[in-house]
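**Q** The lines below spell out each chain.
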Amino acid sequence: MIFDGIRRLGRRSLVVVAEHGRIARFGTGLLRAVVAPPARPGRIVQEVFDVGVLSLVIVCISGAAVGMVLGLQGYNTLIRFGAEESLGAVVGLSLVRELGPVLTGLLVTGRAGSAMAAEIASMVATEQLDGLRMMSIDPVHLVAMPKAVAMALAMPLLAALFTVCGIFGGWVAGVRILGVDAGTYFSSLESAVDFSDDVSGSLLKAVIFGMIVGLIATYRGYTSAPTSAGVSASTTGTVVVASVTILISDYFITALWGV
Amino acid sequence: MFRGLSADFERGTISVILGGSGSGKSTLLRLVGGLIRPGAGSIRVAGEEVAGCSASTLQRVRRKLGMMFQGGALLDSLSVYDNLALPLRERERLSEADVADRVRQQLCAVGLEGTEKLLPGQLSGGMIKRAALARALIASPEILLCDEPFSGLDPVTVRRIEGLLVDLNRSRGMTVLVASHHIQSTLRMADGLLMLLDGRGISGTPADLLACEDERVREFLDEGSPPGAAPSALAGGLA
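Quick note, the sequences are listed as chains A and B, same order. First residue of the first sequence: 1, per my numbering; consecutive thereafter. First residue of the second sequence: 1001, per my numbering; consecutive thereafter.
Bound conformation, chain A alone (with noise of 0.2 Å):
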């Protein structure tokens, strides 16, 4: 009975080190792929479309909701100290040390990171990569990559523009809703974020966030079963193992870095 467990806990061990070896094969062959000719701009710009602007309705409504909700739970926090004016620093260091970039990474996971998977589990489906294969084409260099390097580079973006977006309804709830000083608000803000250390700390969560995306995304699409089934489970998966690990590493990354 207790050999039994000891040798199911073997088998899972065994498949999960197999399964961090066979992402990180993939993950270098990205990584190969991005410096090897030719660079495919063109594709990279067509994904940095899809995975950018098509999720640019859903992170502008997120962020401003997220930030009226900051608005009101730190105006509600903070008047209890008589400390109402730090309204501005609140939002604008909860949003852009820790809430732009992970909250952006959880919703363009939910957007574009599933349907990612989905397009290239679908092409293994109907033996789209086993045929660019067969002609001697790399179907990590010409479809997987371009997909992997447009969301490190759309994250980032998005995850700024949340933050913007959130700072702004901040503003509403704080200043148009509660009263705040419009005046103060800006200037509690302006004054405790700091480019260097906040700024561009979430600039890099994001970039570290979208790559972790990129290569869950098309590493579950490309490794997925050539069935419906295989596609859906694809899906699925990369949304769960890549909230998941966006969550726990941006963790590591405030402790290690102290982003």
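Don't take every hint at face value.
Derived pair list, reagent style SDA-like, types lysine to any residue, alpha-carbon separation capped at 20 Å [unchecked claim]:
#, chain 1, residue 1, chain 2, residue 2
1, B, K1064, A, R133
2, B, K1064, A, V244
3, B, K1064, A, S136
4, B, K1064, B, S1021
5, B, K1064, A, D130
If you're looking for bench data, these hints aren't it; they were derived computationally from the structure.
Using the hints provided, position chain B relative to the given structure of chain A.
**A** Using the frame of chain A, we list chain B on its own:
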């Protein structure tokens, strides 16, 4: 899947792999193309070993191969023109004018003029097969692999694709390897046959197969006969 399977497909001939659904026809083609690596054994294509070979060797071998997939495997985000142009743009240093020339010639050869701007989703089943054949041929391969080129097609389109394959073989000396369960087409065009039964193969000419005493072969051929005809009636297709 295969046990003790040994087969030769002669250069410059049309060879057909016959067998029922799930007998391993497509798997055998994918093994030849290096899309699946065998657990054991040897596969030689154009003089090169592909079982267990390096990625660069496989790339070199694949440049001699063209493959027409059962579902077409055309990139559904690209137009018919771009699908055909893709291998030329990726593998050969040709000007865009030369690419356009080659694509138009190839589309003309398969009777798909005027479909350049259409997406694969806008094509009928027969047109997809012909576009897939055109793409497989665009880089002038030495060996053409066709996975179920006649499945799901009407008799006129079957004849048309069959004619294209025979013409490629006779006029260009191209080696054609077809996986099919379409018996009448097979008997009309094949120089050599490999029939897959329970992971083993029976090979020979179409005449050999028709004369075969094996019960399972006769049963398979019976199923492919026109209603009321004996298997021997299919021999007429050989002429």
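**Q** For each hint, tell me whether it holds in the structure or not.
**A** For each hint, the structure was consulted:
no., hint, result
1, K1064(B) / R133(A), "13 Å, holds"
2, K1064(B) / V244(A), "45 Å, violated"
3, K1064(B) / S136(A), "10 Å, holds"
4, K1064(B) / S1021(B), "28 Å, violated"
5, K1064(B) / D130(A), "16 Å, holds"
Checked against the numbered hints listed earlier, the structure breaks hints 2 and 4; every other hint is satisfied.
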